[in-house]
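*Asks:* Here is what each chain is made of, one letter per residue.
Number of protein chains: 4
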Amino acid sequence: MIKAGIIGSTGYAGAELVRILWNHPQTEIVWYGSRSYVEQEYAAIYRNMFELVEGKCFDDNIEELASRADVIFTATPQGYLAGVLTEDILHKVKIVDLSADYRIKDVAVYEKWYGIEHKSPQFIEEAVYGLCEINRNKVKNARLVANPGCYTTCSILTAYPMVKEGLIEADTLIIDAKSGTSGAGRGAKLPNLFCEVNENIKAYGVASHRHTPEIEEQLGYAAGKEIRINFTPHLVPMNRGILVTEYANLKKKADGTYPVYEEIKAVYDSYYKKETFVRVLDKGVCPETKWVEGSNFVDINFVIDERTGRIIMMGALDNLVKGAAGQAVQNMNLLFGLPEKEGLMLVPMFP
Amino acid sequence: MIKAGIIGSTGYAGAELVRILWNHPQTEIVWYGSRSYVEQEYAAIYRNMFELVEGKCFDDNIEELASRADVIFTATPQGYLAGVLTEDILHKVKIVDLSADYRIKDVAVYEKWYGIEHKSPQFIEEAVYGLCEINRNKVKNARLVANPGCYTTCSILTAYPMVKEGLIEADTLIIDAKSGTSGAGRGAKLPNLFCEVNENIKAYGVASHRHTPEIEEQLGYAAGKEIRINFTPHLVPMNRGILVTEYANLKKKADGTYPVYEEIKAVYDSYYKKETFVRVLDKGVCPETKWVEGSNFVDINFVIDERTGRIIMMGALDNLVKGAAGQAVQNMNLLFGLPEKEGLMLVPMFP
Amino acid sequence: MIKAGIIGSTGYAGAELVRILWNHPQTEIVWYGSRSYVEQEYAAIYRNMFELVEGKCFDDNIEELASRADVIFTATPQGYLAGVLTEDILHKVKIVDLSADYRIKDVAVYEKWYGIEHKSPQFIEEAVYGLCEINRNKVKNARLVANPGCYTTCSILTAYPMVKEGLIEADTLIIDAKSGTSGAGRGAKLPNLFCEVNENIKAYGVASHRHTPEIEEQLGYAAGKEIRINFTPHLVPMNRGILVTEYANLKKKADGTYPVYEEIKAVYDSYYKKETFVRVLDKGVCPETKWVEGSNFVDINFVIDERTGRIIMMGALDNLVKGAAGQAVQNMNLLFGLPEKEGLMLVPMFP
Amino acid sequence: MIKAGIIGSTGYAGAELVRILWNHPQTEIVWYGSRSYVEQEYAAIYRNMFELVEGKCFDDNIEELASRADVIFTATPQGYLAGVLTEDILHKVKIVDLSADYRIKDVAVYEKWYGIEHKSPQFIEEAVYGLCEINRNKVKNARLVANPGCYTTCSILTAYPMVKEGLIEADTLIIDAKSGTSGAGRGAKLPNLFCEVNENIKAYGVASHRHTPEIEEQLGYAAGKEIRINFTPHLVPMNRGILVTEYANLKKKADGTYPVYEEIKAVYDSYYKKETFVRVLDKGVCPETKWVEGSNFVDINFVIDERTGRIIMMGALDNLVKGAAGQAVQNMNLLFGLPEKEGLMLVPMFP
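First to last, the protein sequences are chains A, B, C and D. Under the working numbering, read the first sequence as residues 3 to 353, first letter to last. Under the working numbering, read the second sequence as residues 3 to 353, first letter to last. Under the working numbering, read the third sequence as residues 3 to 353, first letter to last. Under the working numbering, read the fourth sequence as residues 3 to 353, first letter to last.
Simulated from the structure, these hints should not be mistaken for lab results. Treat each hint with caution, since some may be false.
Identical chains share a label here; the pair holds if one copy fits it or two copies do between them.
DSBU-like cross-link-like pairs, simulated, lysine-lysine; straight-line CA separation at most 35 Å [said to hold, decoys possible]:
#1 K255 to K142
#2 K191 to K285
#3 K285 to K140
#4 K285 to K94
#5 K255 to K58
#6 K254 to K107
#7 K255 to K140
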């Protein structure tokens with residue numbers, strides 16, 4: 003059994019890790035870390051776990067935890083892990099970091115967009131960006147995995163084949179994203195009150211959201227060059243789910259025409275047909291967040307608009323599963339040589 | 003492997019059976035029955051099952067199905083099973099009926115409340131009311147299980163120990179129930195449109211809801227006498243979940259005082275401490291439907307009000323799981339000698 | 003023009019006062035009081051008022067305000083008004099208090115249920131309980147109106163004719179109430195976050211909610227004796243609306259039978275037919291909160307259950323309008339000799 | 003008093019007309035038309051109007067209605083008005099058509115996108131596109147007003163100043179729109195059931211939605227040339243509200259730099275500062291649908307992204323008010339020489 007510790011187990015992403023790992027046949031949770039609820043019963047904070055989880059929350063002592071666990075998940079605010087990580091810890095334990103601390107290779111970019119100093123840039127180089135479908139092989143040998151952001155997982159996987167194959171003009175990419183409210187966390191803030199979110203939709207972080215450089219970096223690798231995109235997140239009155247609608251100019255083929263549906267579909271299938279967790283939908287079917295809720299799936303599809311010469315790509319996932327805890331467990335499976343889908347065949351719940 | 007067939011697999015309860023059985027280690031679904039979607043791909047109707055379920059919907063041919071399956075689940079409108087059931091079918095296959103056809107022993111009561119003639123009353127006697135926590139032993143040897151209603155499961159389990167032990171005046175029982183909208187089914191009806199349900203709450207079926215006689219019959223057995231109760235359901239703007247708030251006059255003890263919290267708690271624990279799927283919450287914690295969503299749990303608690311001499315009992319469950327498909331699988335496990343919780347340790351999803 | 007000041011104008015009830023008074027033809031708002039947002043633009047806090055309200059929030063200086071206004075609305079936490087009210091203030095200005103400070107005549111009851119000391123009990127006697135349909139004439143001559151609570155307005159009006167006419171056994175009254183989330187206020191608290199409320203329903207304050215003694219006092223006046231009732235509030239995932247479902251034993255008539263529908267209906271009509279804001283619905287129609295949203299209406303109906311000898315009464319209102327700001331303006335109209343419905347003919351918004 | 007008749011008064015847009023006209027000081031509704039509910043009490047179908055509206059629904063007899071009314075609102079399916087309109091009718095009465103029948107000048111475009119034959123193309127020429135802020139003067143003298151679509155009103159007003167002034171490359175315009183569910187109407191269809199919409203978001207009509215050519219035509223007039231855009235609608239789990247997020251490439255100024263915030267803001271203000279119903283928000287504030295709910299306002303703002311050379315424009319309105327019934331009444335006011343905002347100063351309801 004893999005001994006797993008969770009730092010930040012009382013946030014929504016941390017609690018989702020608990021839900022998933024509870025049913026994982028090869029894992030045992032040994033540490034429920036929490037800054038706010040130390041010494042309190044975990045099941046009194048997340049009552050879904052009543053009679054399922056026994057034990058109290060521990061504090062954030064990562065050094066102590068490193069000597070007890072085989073893997074540590076950090077579902078913590080930006081800057082936490084960078085502030086405490088040491089070679090000694092990485093020597094003892096593998097880490098899957100759900101924060102952004104090691105996602106961006108250029109420390110200056112990180113510090114600019116996040117507005118904080120990076121306290122341990124020496125580990126950035128070795129950290130592997132844990133987007134499993136793309137970096138699977140690198141993850142297997144890593145000590146430190148930077149688990150991708152929720153928006154970024156959805157945004158990148160949806161456009162990846164098109165960018166990688168050079169079928170779109172990458173700099174025309176516009177990502178209009180919509181997220182459920184759990185992405186905003188469990189902090190008691192006025193804008194996240196029920197009455198402020200319900201019956202409402204708004205954009206936020208326009209032209210300034212922190213997931214922008216992460217998407218640009220990863221899709222830039224695929225494009226083989228630096229790219230600049232627009233990314234606009236919106237807050238939707240639902241608990242879970244991210245939907246991205248992505249627009250880009252299609253490149254014409256040598257004969258001056260645009261590729262047809264079957265050609266693009268074949269490209270997507272070549273990337274994702276074998277992927278358990280990426281489902282390219284049938285022609286004409288638009289992804290809906292409800293169809294993936296509670297699961298580790300990403301549903302993807304696209305429409306070609308010959309009138310404008312653009313492709314509209316759409317992707318949907320559950321921000322707490324494939325967008326956070328599920329992908330973190332997928333990374334853990336890779337780190338420990340388990341089947342990648344072990345404990346992750348969660349059937350989407352509908353309705 | 004148990005071969006399972008579902009008649010009515012494209013309603014919400016039927017689809018939940020598919021979700022649960024898909025992960026059940028001892029079961030294989032061999033028949034996706036549907037009146038409305040015959041010959042259509044099941045995964046095109048419930049897209050959560052895309053790439054998980056292959057195959058098309060069959061019709062309602064229960065005789066054909068009986069020769070292919072070990073167990074049949076009927077998630078069908080009232081009157082369907084009573085209209086087609088034969089001794090020959092029951093000879094070949096076990097049946098878990100999610101409709102009300104065999105729940106009520108007095109056929110006159112059934113016909114009065116449901117307004118239809120019962121076409122096969124000869125099977126009512128042998129049918130076992132499948133409230134597992136109470137009728138576990140009878141279910142084990144049954145051929146035909148009448149799976150309890152969603153409201154009734156919640157209503158009965160919440161009050162059962164109090165009624166059975168004679169601690170309340172059973173005729174003072176008032177059940178105020180609140181349900182998510184999936185209980186109304188997937189039929190395209192105006193009152194179930196999003197804009198009619200959202201931002202709204204109402205009572206319906208006041209003093210006339212069909213689950214009333216079912217509760218009265220079962221709690222009557224516990225009370226050892228016929229009882230009359232009030233049951234009022236309400237429609238709540240959420241997908242899943244039932245909450246019942248039940249009021250009854252407490253009987254005084256021999257010394258003229260009301261029992262105290264610890265005494266009542268001990269009674270509840272004596273009934274439910276060993277039950278996997280019934281969780282009696284800690285003192286002061288009110289059940290919430292969200293804490294059981296997606297799971298087979300019922301969460302129960304109570305408050306004693308000495309001012310009025312009443313006890314307020316509360317219970318919460320997921321109407322599609324413990325209130326329908328989950329309990330049906332629990333019954334299947336009993337019928338086939340499997341561990342009762344096999345395939346049912348679904349962790350509630352929060353948020 | 004009546005000059006109105008609002009202390010607590012940045013809570014939900016205060017903001018609703020602004021919305022209603024903005025369209026009131028005889029009123030001008032001269033003071034937007036706020037403890038949290040002093041010196042900030044009101045329209046930057048409630049952006050619905052952008053370009054409609056100009057000016058910044060003032061502090062809580064009630065003495066200053068008393069010399070500038072004709073009427074003060076206090077939409078403030080319990081204890082605020084009791085702590086600052088003076089004879090001098092009441093000499094200058096009329097006050098409609100939306101808090102509970104002057105609702106309960108027995109100061110000991112207030113202090114027990116609210117857990118705070120009452121700082122100015124000398125004004126309790128003269129304060130008029132501003133349930134307009136019942137205390138209309140007293141309000142007209144008052145200086146200090148105690149605006150009823152949201153739950154209490156709905157609970158009392160729904161049962162009032164039955165209690166007043168002695169048609170039910172008042173001590174058997176059980177009120178099961180359901181409220182939208184705006185009733186919990188705009189404070190940033192974890193239980194009111196979107197993800198905690200959405201897709202969830204729960205009871206709270208069971209056998210201990212502060213509106214209980216208020217209902218008991220007022221219905222006690224109607225009954226002509228002290229009564230004890232059960233009141234259980236529930237939190238519903240919607241912004242606005244309160245629905246109460248009330249149960250009571252019907253008294254039999256002299257001939258030993260229960261009254262029939264037409265008899266009870268005639269009683270309700272005798273109380274409410276002339277009331278603009280109370281609508282007794284047609285036979286068989288259950289009140290729904292959505293049908294009164296945004297308006298000052300209370301929709302009421304009832305069902306007689308001869309099987310159990312009980313009547314089930316139902317009432318629905320918008321907690322921020324008839325349950326708070328609307329009724330406060332109705333009281334203001336009475337205080338200043340205006341037509342009672344002036345500025346209050348708000349048509350319910352559907353959907 | 004203007005005598006108004008509504009054909010299609012029992013759809014959501016028709017019902018909103020009733021709500022608004024009920025409080026309009028210069029209008030009286032003389033005809034509640036309905037195909038589905040003929041002879042039924044209007045207030046039994048829309049219970050918000052109980053005791054406010056008396057009278058039953060009439061049928062669709064527009065000729066009869068034309069002789070009784072001064073203005074007819076047609077809130078009807080596409081093709082209805084085109085099928086019945088005659089010169090005789092237009093001679094007797096003014097018409098505000100909420101359907102798309104006369105919005106598009108090129109009948110071939112209409113027939114292609116709507117898939118139906120236009121039965122009275124002879125009236126297309128004289129019909130005025132009733133986007134009041136832009137075509138105010140033409141509306142005043144019209145007999146037939148084509149009331150704009152909900153998405154189109156929001157989409158056009160948000161981008162109009164930028165297109166008209168030539169500040170963006172019009173062909174790069176991408177409109178990502180999000181709508182509440184009332185836009186889908188009150189028909190009983192499975193995709194609009196509560197459980198299908200709630201906790202879900204999806205795109206639909208991708209690259210094929212019928213509002214596309216309407217936007218292209220109107221913005222084409224502003225651009226002075228034909229344009230092609232992308233328009234993608236999404237269904238959001240809320241009752242009311244449309245939010246558009248629009249992306250376009252900014253043109254550089256003569257000096258090779260992009261315009262700065264103040265320059266763009268001045269342009270928007272020059273168009274909208276005097277407009278009662280268009281509110282250009284303060285810098286940094288994103289429009290939210292909740293802030294305009296129930297009102298005739300459109301809230302607009304923009305962000306310049308120098309990194310990508312694009313402007314992101316955002317607009318929010320209530321699809322049933324400014325997107326349908328409110329704008330229709332605004333047009334009626336223009337047609338009859340009333341103040342444009344008569345009866346339309348509805349304060350947005352929050353929360």
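*Asks:* If a hint holds in the structure, say so; if it does not, say that too.
*Replies:* The hints, checked one at a time:
| no. | hint | verdict |
| --- | --- | --- |
| 1 | K255 to K142 | neither (38 Å within a copy, 51 Å between copies) |
| 2 | K191 to K285 | between (41 Å within a copy, 22 Å between copies) |
| 3 | K285 to K140 | within (33 Å within a copy, 44 Å between copies) |
| 4 | K285 to K94 | neither (48 Å within a copy, 42 Å between copies) |
| 5 | K255 to K58 | neither (61 Å within a copy, 38 Å between copies) |
| 6 | K254 to K107 | both (33 Å within a copy, 32 Å between copies) |
| 7 | K255 to K140 | within (34 Å within a copy, 47 Å between copies) |
When held up to the earlier numbered hints, the structure conflicts with 1, 4 and 5 and fits the remainder.
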